[in-house]
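Read off the chains here:
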Amino acid sequence: MKEIINLPVSKIDEEEYHINMGPQHPSTHGVLRLVVSLQGEIVKNLKPHCGYIHRGIEKMCEKDTYPQIIHLTDRIDYLSSHISNHAVCLLVEKALEIEIPERVQYIRTIMDELTRIQSHQLWWSSFGMDLGGLTCFFYGLRDREMILDIWEETTGSRFLQSYNCPGGVMQDIHPNFQKKVHAFLKTFKKKIKDYDRILSGNVIFENRSQGVGILSKEDAISYGVTGPSGRGSGWSCDVRKTEPYSMYSKVQFNEVLRYECDTYSRYMVRMQEMHESMNIIEQLIDNIPAGDHSAKMKAVIKLPAGEYFQQVESARGELGLYVVSDGNKTPYRMKFRTPSFSNLSVLDHISRDMKIADLVAIGASLDLVIPDIDR
Amino acid sequence: MKEKDFRDNETLELFKKSGGNVLMTSIDAVIDWGRSNSIWPLTFATSCCGIEMMATGASRHDFARFGIEVYRASPRQADVIVVAGTIVNKMAPVLKRLYDQMSEPRYVIAMGACAVSGGPFYYNSYHVVRGVDHVIPVDVYLPGCPPRPEALLYGIMQLQRKIKLESITRPEQTGIRG
Numbered sequence: 009m010k011e012i013i014n015l016p017v018s019k020i021d022e023e024e025y026h027i028n029m030g031p032q033h034p035s036t037h038g039v040l041r042l043v044v045s046l047q048g049e050i051v052k053n054l055k056p057h058c059g060y061i062h063r064g065i066e067k068m069c070e071k072d073t074y075p076q077i078i079h080l081t082d083r084i085d086y087l088s089s090h091i092s093n094h095a096v097c098l099l100v101e102k103a104l105e106i107e108i109p110e111r112v113q114y115i116r117t118i119m120d121e122l123t124r125i126q127s128h129q130l131w132w133s134s135f136g137m138d139l140g141g142l143t144c145f146f147y148g149l150r151d152r153e154m155i156l157d158i159w160e161e162t163t164g165s166r167f168l169q170s171y172n173c174p175g176g177v178m179q180d181i182h183p184n185f186q187k188k189v190h191a192f193l194k195t196f197k198k199k200i201k202d203y204d205r206i207l208s209g210n211v212i213f214e215n216r217s218q219g220v221g222i223l224s225k226e227d228a229i230s231y232g233v234t235g236p237s238g239r240g241s242g243w244s245c246d247v248r249k250t251e252p253y254s255m256y257s258k259v260q261f262n263e264v265l266r267y268e269c270d271t272y273s274r275y276m277v278r279m280q281e282m283h284e285s286m287n288i289i290e291q292l293i294d295n296i297p298a299g300d301h302s303a304k305m306k307a308v309i310k311l312p313a314g315e316y317f318q319q320v321e322s323a324r325g326e327l328g329l330y331v332v333s334d335g336n337k338t339p340y341r342m343k344f345r346t347p348s349f350s351n352l353s354v355l356d357h358i359s360r361d362m363k364i365a366d367l368v369a370i371g372a373s374l375d376l377v378i379p380d381i382d383r
Numbered sequence: 009m010k011e012k013d014f015r016d017n018e019t020l021e022l023f024k025k026s027g028g029n030v031l032m033t034s035i036d037a038v039i040d041w042g043r044s045n046s047i048w049p050l051t052f053a054t055s056c057c058g059i060e061m062m063a064t065g066a067s068r069h070d071f072a073r074f075g076i077e078v079y080r081a082s083p084r085q086a087d088v089i090v091v092a093g094t095i096v097n098k099m100a101p102v103l104k105r106l107y108d109q110m111s112e113p114r115y116v117i118a119m120g121a122c123a124v125s126g127g128p129f130y131y132n133s134y135h136v137v138r139g140v141d142h143v144i145p146v147d148v149y150l151p152g153c154p155p156r157p158e159a160l161l162y163g164i165m166q167l168q169r170k171i172k173l174e175s176i177t178r179p180e181q182t183g184i185r186g
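So the sequence lines, in the order shown, correspond to chains A and B. The numbering of the first sequence is our numbering, which starts it at 9 and goes up by one. The numbering of the second sequence is our numbering, which starts it at 9 and goes up by one.
Source of the hints: derived by calculation from the structure; they are not laboratory data. This structure is a prediction, so every number in the text was calculated from the model and none was measured. Possibly wrong hints are sitting among the right ones.
[Unchecked claim] Examples of chain A residues toward chain B, derived with CB under 7 Å:
#	residue
1	68
2	153
3	379
We put the CB at the ideal spot given by N, CA and C, even for glycine.
Construct the complete structure from the given sequences, taking the supplied hints into account.
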């Protein structure tokens, strides 16, 4: 008994030990595995292990035609499925130099912004849940169901729609579409105030997020942290502004930037982005021009031999698509530059010398989707 | 038991009445009632189906109504593992280990096309397990990519009916494992 009491406490603190977070852990949002080196409660080092959901999608794309690839891109980043589909369509249309009807561009932009809102809603729900607020989970998913209803009516599926196709969209929008979007905007504008009341101004939440996980602008650029996580460090990296596609050059919206560089700043960027997305939808929803919902396409789509690149702003950051074509109906090589992979790489850097409990908050603020990392 | 009979409630009741003595049947009834109405799932989601599983647990669909009350983060506290999403070769040993850590009686729902058969990744993928039943035994198969929350609720109800057929005296007949 005496020996135990006399054990030097400092020795325990100096010893470094490893714990294993994941692959089955609720706060990793999937099957990410983090091997964390700890000294007491302080994170000294962190090694992410990828590949627990590596499905070989890039290799599969080499066997599939371009319309078939769209169904696989849905399943990479399932929370911004419309946006990844949009990237493939833009790439094919750019390579074939096809004129797209204006109606299609309106529909695609509205769908992209609805996707961004629902993705941020789900992120908000799980962020709250990771920090111990179960109410957030119910509030967020309740409002998300409204968007899923809109999609279900028009596209026939709840959230993996494969609605875009090269040249246009699969079918025209449902007659109720505009009415339902208006109803959603009206409701959600009230509900989003509840979001702020629950989390944004909450003292516990502020203490757990402010000053936690500092990511400087230089680091964000050198690690390639794009999307809301990069804009939370003051890096202007919105592809919708820098390389506008579809209707983004014609609508008025602000690129949300925050300069505190911490978890709270990344949180606030996403909250304000939901307002901006609603703003974009409002500008477009009443002005959808009449016309065809798809351009005339050949039955077999063959891209001319060459290299193509297309980038879009997904809900998590910059999604890049690189295709090498040898003139066949399937790509010779397809490479996805997925935002979550780059965002994960910075996790080790920004969680050093933080508490292990803060690691959960930092990981949630990067909004990782694991199939987006592993593909 | 044929699939046709499984859909029919009256056959199930007849089936229960015909076998076992009165005392044992009533113990079975109590145990099955308790087990089938408090199935706690493990928080286990690998990909897209996990989002629909979350939606099933959330406000609109609320599967706590069926006794699937809380998600447990530890396999030792869980009764059912809903395999929501693709299982790849690297994940398969982890899934087996999770299953082994669960206490008996334990159940498995294979949710979504990937867990049932490999789904869209059945062809051409070099790293996907073609059906989770290659790794662990499955009780309920739930097709769809991803299945709707209503489909998951239906799958849970089928699992509950399956549990209600179990008997502690005749484990080999009813297929109970433990």
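Outcome of the hint check:
1. Proximity of residue 68 of chain A to chain B holds as hinted, the smallest CB-CB distance being about 5 Å (cut-off 7 Å).
2. A least Cβ separation of about 5 Å between residue 153 of chain A and chain B falls short of the 7 Å threshold, and the interface hint therefore holds.
3. For residue 379 of chain A, the shortest C-beta to C-beta distance to chain B is roughly 5 Å, which falls under 7 Å, so the interface hint holds.
Checked against the numbered hints listed earlier, the structure breaks none of them; every hint is satisfied.
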